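Student: Residue numbers (my numbering): 1 to 214.
If you're looking for bench data, these hints aren't it; they were derived computationally from the structure.
A few of these clues could be false.
[What the hints assert, rightly or not] Straight-line Cα separation of at most 27 Å, DSS-like style, residue types lysine-lysine; simulated pairs: (1) LYS2 <-> LYS36; (2) LYS86 <-> LYS12; (3) LYS2 <-> LYS12; (4) LYS12 <-> LYS22; (5) LYS20 <-> LYS36; (6) LYS137 <-> LYS114; (7) LYS114 <-> LYS144; (8) LYS137 <-> LYS86.
[Stated by the list, open to error] Label-pair restraints from in silico Cβ distances: (9) ASN88 <-> ARG130: 26 to 32 Å; (10) GLY150 <-> SER76: 29 to 35 Å; (11) ASN42 <-> ASN135: 56 to 62 Å; (12) ASP28 <-> ASN134: 39 to 45 Å.
Quick caveat, the model's predicted, so the values are computed rather than measured.
Every residue gets a Cβ at the ideal spot worked out from N, C-alpha and C, and that includes glycine.
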Amino acid sequence: MKDPYAVLGLDKSASPEQLKAKYQELHDIYGEQRFKSGEEGNEGARKLQELEEAWAIIGANIERDSKSAAFGGDYSQIDDLIRQGKYNEAQDILDSIQDRKGEWHYMQAIVFYKREWLSEAKSQLEMALREEPNNAKYRSSLDKLNLAMGAPQPSPFQNQSNGNYNNGNYNQQPYIDQNGQYPQQQPADMANCLSSCCCAYCLTDLLCNAMRCC
Numbered sequence: 001m002k003d004p005y006a007v008l009g010l011d012k013s014a015s016p017e018q019l020k021a022k023y024q025e026l027h028d029i030y031g032e033q034r035f036k037s038g039e040e041g042n043e044g045a046r047k048l049q050e051l052e053e054a055w056a057i058i059g060a061n062i063e064r065d066s067k068s069a070a071f072g073g074d075y076s077q078i079d080d081l082i083r084q085g086k087y088n089e090a091q092d093i094l095d096s097i098q099d100r101k102g103e104w105h106y107m108q109a110i111v112f113y114k115r116e117w118l119s120e121a122k123s124q125l126e127m128a129l130r131e132e133p134n135n136a137k138y139r140s141s142l143d144k145l146n147l148a149m150g151a152p153q154p155s156p157f158q159n160q161s162n163g164n165y166n167n168g169n170y171n172q173q174p175y176i177d178q179n180g181q182y183p184q185q186q187p188a189d190m191a192n193c194l195s196s197c198c199c200a201y202c203l204t205d206l207l208c209n210a211m212r213c214c
């Protein structure tokens, strides 16, 4: 498809008012031409369809730029929308933002988390940490999310050594006895397992508070 702005005979520097006025002018011209007989009518119909396709793109750009200008860099309004459960509205503003740094990815992670898209939330938190490796809020949220997902792993930005994380070895293989069998769990082991399950449940609840989404 041709450059949508070229279809209007303008460029991206044109104001929204100029773009809307030019669209309406051409719409009226092609709208009349399409009812003429022969090739002239066919050309009018083709031009009108091309104009409408171009305007769908330009109109979306105008709306996005308007939301981006209204945003003004204040992420608290996105946070407020999330707290109110207005995830679509929060997402619309996030989509309009062109300069996507650590806080953008953090807020996107919250929206994904609230939609229960945990893998996507994790990816966004990792991107936030790549932007700001020393941000304790991002790191804490990622660590808690890893635990809540039931797959505790070190974040890419934590100190790691021989597969260990925070002095806990998550790469340790399960013990098998001389007969090739797993040993029967002892009461103490079962208690530890139950305790771990409770911790995972609590961490899921704590994660929401850590990410300011409640």
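Student: Could you say whether the range 56 to 62 Å given as a hint is met by the Cβ separation of ASN42 and ASN135?
Tutor: Because 59 Å falls inside the window, the suggested range holds.
Student: Can the restraint linking LYS2 and LYS36 be considered satisfied, given a maximum Cα separation of 27 Å?
Tutor: Satisfied, since the Cα-Cα distance of roughly 25 Å is no more than 27 Å.
Student: Are LYS137 and LYS86 close enough, with their CA atoms no more than 27 Å apart?
Tutor: 23 Å, holds
Student: For LYS114 and LYS144, compute the direct alpha-carbon distance and say whether it is at most 27 Å.
Tutor: It holds: about 15 Å lies between the C-alpha atoms, which stays within 27 Å.
Student: Given the proposed pairing of LYS86 with LYS12, does the C-alpha separation stay at or below 27 Å?
Tutor: Distance ~32 Å between LYS86 and LYS12 Cα, so the pair is violated.
Student: Verify the proposed pairing of LYS12 with LYS22, using a straight-line Cα cut of 27 Å.
Tutor: 13 Å, holds
Student: So the hint says 26 to 32 Å: do the beta-carbon atoms of ASN88 and ARG130 match that?
Tutor: 27 Å, holds
Student: Need the status of pair LYS2, LYS12: alpha-carbon distance at most 27 Å?
Tutor: Given pair LYS2, LYS12 holds - Cα atoms ~14 Å apart, limit 27 Å.
Student: Note whether the CB distance of GLY150 and SER76 lies within 29 to 35 Å or breaks it.
Tutor: 32 Å Cβ-Cβ, so the 29 to 35 Å window holds.
Student: Would the pair LYS20 and LYS36 pass a check requiring their Cα atoms to be no farther apart than 27 Å?
Tutor: Since the Cα atoms of LYS20 and LYS36 sit roughly 25 Å apart, the hinted pair holds (cutoff 27 Å).
Student: Decide if the proposed pair is consistent with the structure: LYS137 and LYS114, CA atoms, cutoff 27 Å inclusive.
Tutor: 18 Å, holds
Student: For the range 39 to 45 Å, tell me whether the beta carbons of ASP28 and ASN134 fit it or not.
Tutor: With Cβ atoms ~58 Å apart, the hint is violated.
Hint check: violations occur at hints 2 and 12; the rest are consistent with the structure.
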